[in-house]
Amino acid sequence: MGVVDQKPAFTLPADLSADRPPERRGLSRDQVRLLIIDRHANSFTHTRFDRITGFLAPGDLLVFNSSRTLPAALIGKARDSALTIEVRLAELLPDGTWLALLVPSSPKKMEELFTQGLIVDFEWDLNCEVLKQDRRIPRLWQLRFSKTGTAFLDLLYRIGQPIRYRYLSAPWRLSYYQNVYAIQPGASEMASAGRAFSWKLLLQLRNQGVESASITLHTGLSSYLDGELDRQHVVSEEKYSVSEEAADKIRRTRNSGHRIIAVGTTVVRALESAAAEFGGEVKACHQYTKLRITADYHLQIVSGLLTGLHEPEASHLELLAAFVPPEKIYAAYHEAIQRRYLWHEFGDLNLIL
Amino acid sequence: MKLLAGKFALITGASQGLGRELALTYAREGVRGLALVARSKDLLQSLASEIYRIRPNLNVAIINADLGSSVEVERVAAVTLAACEGRLDILVNNASTIGPVPMPYLLDYPADDFHQVLNVNLIAPFLLIQNLLAAMIDHGGSIINVTSDAGRVGYPGWGAYGISKFGLEGLSQTWAAELAKTDVRINWIDPGNMNTAMHREAEPDEDPTAWSDPAAVTDIFVFLASDSGQHVRGERLEAQSKWRARLQKG
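Here the protein sequences come in this chain order: A and B.
All residue numbers for the first sequence refer to the numbering used here, where the first residue is 13 and numbers rise by one.
All residue numbers for the second sequence refer to the numbering used here, where the first residue is 223 and numbers rise by one.
Chain B with its partners taken away, still in its complex shape (with noise of 0.2 angstroms):
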């Protein structure tokens, strides 16, 4: 039995990256539909293919909004709602924006760049999680907010996209609070240092053979959004931890 067998997942930021790898390992998994967002329509239709040859008659709605607009959010959940028929199983909230690169110091952070970086990486979160709760709560769901080191720490230069990442990690305490007494969990995952396109623009100088592979860190998701992981609930995991370890001794 494949472990996602007769769900439904909404990934946002699915064109690339840890997105995309999540996309394919959750059809791998066995869900019963995807609803995948990104800005790429022609990424998201590569992606599209590459998870038909997985899967060719798996239910995948492909998104192309930019979640930055409120507007496009209300289309995505509305686009998701139809394609689901109702009841989604998994949301996980991926897609980030660093902002302006170079990465400036706050005291030269264009304004409008910041209310742009809030906008993606905290308001839409919320705003996706908002519209389609009401698909979640009657049989129970998995939320899934993807966070950052810099959501904990105020490294130099890494502006909005931190202070985003630290209000995405408040979201998610008082959403896991405020939803104690349902179904639906919410967890937030740091993947740790991956080897993504989005890193490589923020750190030109680094070594990007020094990250991990985004495929390396899928199996967190995997679990959360399952069964297995369903009493996990309300909690801050590092994927490059020995997370397994810790949630399995419970």
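Chain A extracted, bound-state conformation (with noise of 0.2 angstroms):
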């Protein structure tokens, strides 16, 4: 049984949506509340996040997912046109090109556009040439810069914005969308779910003796601003990579019979199909993923997930169904609504174990 399947089980009241970082409602970045799902248990425990050190024991191993957030939002101009694009990037292609959502102006259908042969032009004499749609998400389109690389991203960051949503209260500047620990620029969007560790906690982790390892899997975009095929939950294809230093931590934790938590579901998909890849065993790689998780689907390698409070379709939660039932997460969610939860990138978390 997956969550998919089903009608939404809670309705989001629009006023929980998170409309600014922790740290501008008078909490610092480690100090929202936690929902905590005892896997084993029917229970669930309401607490801080900076108290997670009370729910991990030495030995346990927090997965990270590295992957900075870029300002991957761009407006530009239709070359020959009025008409302004924003180009919201989504994916780095293995050739160079990119992935991106075109957002034009006007109404005007982007295929239209397209038949006239497309040139955006940026500021800093950045332009993209738009090769063509892509097939299985429509509303993406390959694109090529004219710069690439370091070059690229230099330009990125002189041009680009974070990509917001408009539950936001203030267009809030990128380096709230960073994780502390992040360190390979990639992702579109921020994974969010390791946003509440602040260096003090996880130096306070450190010293408690919880590993920690990173895996690098750069987050797409969450929404395609189309609701009919945001719905649909398209399976995008990723690349992830694992070090041999994670291999190896996460090959020590599972012989010493310690936990795995993932930070985020991102993690859980690279360390999953790592799995799926060799044979049940994380192994150094660098490869790309479909695979779906959802309620049927045996867990290999994680025990837990720290992950956000999604939305009622999101696909995220046809995951969280891997872990426990979705009777059991929709309870856990009604709690979280009556005791006025937040949701999206700057609100609460829950931890599932």
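You can take every hint at face value.
Listed next, the stretches of chain A that the computed footprint assigns to chain B, with coverage defined by at least 3 CB atoms under 8 angstroms from CB atoms of chain B:
#	region
1	164-171
2	191-205
Here are the simulated SDA-like pairs of lysine to any residue, each with C-alpha atoms no more than 20 angstroms apart in a straight line:
#	chain 1	residue 1	chain 2	residue 2
3	B	Lys-263	A	Trp-136
4	A	Lys-261	A	Ala-69
5	A	Lys-212	B	Ala-398
6	B	Lys-403	A	Thr-65
7	A	Lys-159	B	Val-282
8	A	Lys-89	A	Leu-167
9	A	Lys-261	B	Asp-360
10	B	Lys-224	B	Leu-246
11	A	Lys-261	B	Arg-309
12	B	Lys-464	B	Asp-441
13	A	Lys-302	A	Ala-287
14	B	Lys-403	A	Gly-221
15	A	Lys-212	B	Gln-395
16	A	Lys-212	B	Phe-348
17	B	Lys-263	A	Leu-138
18	A	Lys-261	B	His-361
19	B	Lys-403	A	Glu-223
20	B	Lys-403	A	Leu-217
21	B	Lys-263	A	Thr-162
22	B	Lys-403	A	Gly-71
23	B	Lys-263	A	Thr-160
24	A	Lys-159	B	Asn-286
25	A	Lys-120	A	Leu-143
26	A	Lys-144	A	Thr-96
27	B	Lys-403	B	Val-454
28	A	Lys-261	A	Glu-289
29	A	Lys-212	B	Ala-399
30	A	Lys-302	A	Leu-105
31	B	Lys-263	A	Glu-135
The set of hints was computed from the structure by calculation and includes no laboratory data.
Backbone N, C-alpha and C define an ideal beta-carbon position, used for all residues, glycine too.
Combine both chains into one complex, guided by the hints.
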């Protein structure tokens, strides 16, 4: 039974969207609320994130996604036209081109623009050629920018803004969209499950004997700004990397019988994909995955998950069902709504152990 | 074996003076890569050409940025992280601005200039460390902040510059305390009087030939960045004193 097959089992009140970072609501980043779901008992615990230390034991391994958020939204102009186009970068392809969502300022369809041949110009002499429409996700287009590598990254930081959604109260700066431990620039949107970790807390966990490792999976877009397409939960192909060091730590943690806790659904996807690839063991790799994790998926590596609170129709909910039955998730979410937890990237968190 | 073999270093204020000498010296000492930050793209490109003559295949990222802007600091961090592939070993916060010249008394100091000097000399090192720590903490690293005797003594006319260096010394001490249980080391060096463009501009009536050549003080920066200096942490060092004898005594 998958969550995706069911009607939404809860309604998210609009005022429970976190419209600003915790630091702008009088909290430090690690003081958001934490809802803990015990996989093996029928109980929920409500606490504060910086008290997570009390729920982790020496030898447990936290696996982070080291992907760093890009200013992935660029405003450009269609060449020889007055039309403004917002480009939201979704994925860097192996040949150096990008898949991106294109949002024209007028209701004119992208398909119409494309038949005329389309080049989009940005500031700093950057431009991109629109090559073709993506077959699986038609809202995405393949683009070739006039710069690549670190030269492109440099310009992106001069021109781009973080991808932001309507529920925000202000255009928060990129620095609010970073996890403190993120070292690999490449995410279209923040892998937000780890946002609440402060350095103080990370060092405290380290001193407590909780281990840590990192994988990289650059998160794509969470919305194609198309309700129907978003509801289809098209499983995108994503690239992930596991280092030798991370694979070793995972192996050692499993052998010692301690828990492997994924910080974010991207980490679950990467580790379980690696295990599926290598016969149940995680090895160092750079791979692409199309793995879809749902209620009936048998998790081989990950025993716990730290994640945000997801919207009723979010595809992440079906992944959560691989850890706990959907009805238990909904019961926990009902409590979260009653207690006025906050949703989205600057909101509260959920730990499943 | 070169002292900095396999290490990746970020140097701010790299286009002239001490920063430029450090870039050349680190290249000679075998670094795996360099990220060089300065406002002048032309001077950085000329430095890169000189580095390629020493190390033709060295990974050199030139980052043309004004560290007075925190948005620019984010760009510097991202390009550095991409260039070093997420593993940084050495961060030298060398960039400084002297502020308006002739140097006004505090009573006459324009507030905008005061902010700008603090942004470049104090806030940028804070933000760079904050943004790049994650790329150092798992395997260890060396952070070196460049200070001045004006950071210990309030000289008339040295206004915002001196105050920013007082701040940098405090910043360095606090980072050192917070990172005491990690493998990331923070030290801060007072290079002493050097014959640099900035110093000549600050004190046009003095004789610059009495000051040290920046190349004469790079050895301490190599030592602290190298594994030989890994026992030194949380220290203020004066480059033109007998630091070597003191440190080697442990």
